[in-house]
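Take the given structure of chain S and dock chain U to it, following the hints.
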Amino acid sequence: MADISEYPETLRDVMEMFEDIDEHGRAEILLDYSSRFQEVPSYIAQRPFPEDHRVQRCESEAYVFTEPNAEGGINFYFAVENPQGVSAKALAAILQESLMGEKAETIKAVPHDIVFRLFGKRISMGKGEGLLGMVALLKYFADLTQKEQKSE
Amino acid sequence: MSNSGYAYPDALVSTDWVAQHLNNPAVRIVESNEDPLLYASGHIPGAIQIDWVTDLNDQVRRDYLDRKSFESLLSKHGISNNTKVVFYGDKNNWWACYAFWVFQLFGHTNAAIMNGGRLKWVEEQRPLTKEVPHYPTSTYHAQERSDYKVRAFRDQVLSHVNGHLPLIDVRSPGEFKGELTHMPDYPQEGALRAGHIPGAKSIPWSKAVQPDGTFKPSDDLKALYEQDNGFAPSQNIITYCRIGERSAHTWFVLTYLLGYPTVRNYDGSWTEWGNSVGVPIEK
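If you read the sequences in order, they're chains S and U. For what it's worth, the numbering used here labels the leading residue of the first sequence as 1, then goes sequentially. For what it's worth, the numbering used here labels the leading residue of the second sequence as 1001, then goes sequentially.
Be careful, since some hints might not be right.
Facing chain S, according to a computed beta carbon distance under 10 Å, are these residues of chain U, among others [as the list claims (entries may be wrong)]: (1) 1035; (2) 1060; (3) 1063; (4) 1064; (5) 1091; (6) 1125; (7) 1149; (8) 1153; (9) 1172; (10) 1175; (11) 1190; (12) 1226.
Derived by calculation from the structure, the hints in this document are not laboratory data. From the three backbone atoms N, C-alpha and C, an ideal C-beta is built for every residue, glycine too.
This is chain S alone, in the form it adopts within the complex (with noise of 0.2 Å):
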């Protein structure tokens, strides 16, 4: 597992929230972040979402946006097409109060244990792997609009 000092600084408090929780009081913090989830604006994509941006095998049918903003840093936005997809909404809700914004070399620093902190190492694989992949693609696409800002 990564120290919590390998994370970006603006996720570390929240990680604490989560060291040496019970699953009682896990579920009740991830459901509160789930139920403060912000679907992507309109401005930025609308339904049917393209399949570029669906996060493979996410059952939660999950979607991964993002623009540069004129600080340099990147804004990024999700949509959860499964109406039950709450730990889907949790990670996103998360990852949008922590680091919306911030440079691409920031959310590409986030460690993939990730989600085992915040959802407990005895998540299923496969759940495991859907979360994972909202967190790799989110990186991905930092990365490639990083990329274009630079080309511009």
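Leaving out everything else, chain U in the frame of chain S:
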């Protein structure tokens, strides 16, 4: 469900039926989900949760719980041998069917699936609660786990392939074709090789359900499996997916809705086959 034309209509109950039996002590409602947060977010009043990772699997080796653990699990939830266990969950009842299937390994036949699953209950604006029920401990006597009838192992699947017997791959067409993303660090469904088991036909699980999440009527299911894909009740069929949950859904459809007597679920599925050394693969 009496006019459905299903082979075993008692294996399905409606949301209405569940609503009418919430306080029936002879019935235990069980939620089994893909998303581990859903039960905590609210569930059918009186429903307990059985989680496939923590409750149904051995925590050390890749296998299901044994008789003693199964008895403890059911006793803990106040389920007796005569209790009718009704499963429901997210993802069109994938995990509900999987839990139902595991219960059959121990011979608990007094079981059913709530047609339409969790989403149908929610969309009908039926009550949900966050209150976790506690039932008095029961005494449950299970038979020894019996895998031979409904479960297939890798070597049995290999013999099945060599014997040119029918297999159904219920994963998505992309998984069946072995299409992978080529993104760095992207999770690749936990297997070193992609594709499908030779001879398997691709019939995604989702083709068996209607837009509202309920199972298709029997005539539509017969058209799908028999007319369109050439399967027959007399065949010895193995279903598989990635880890056995989606294929438990198709196993349920073939066994209980269409009445096929010889269907086994290969729970090792692609995470075993796609990582096994030397087994044949097609793309």
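For which of the previously enumerated hints does the structure constitute a violation, in increasing order of number? 2, 3, 4, 6, 7, 8 and 12
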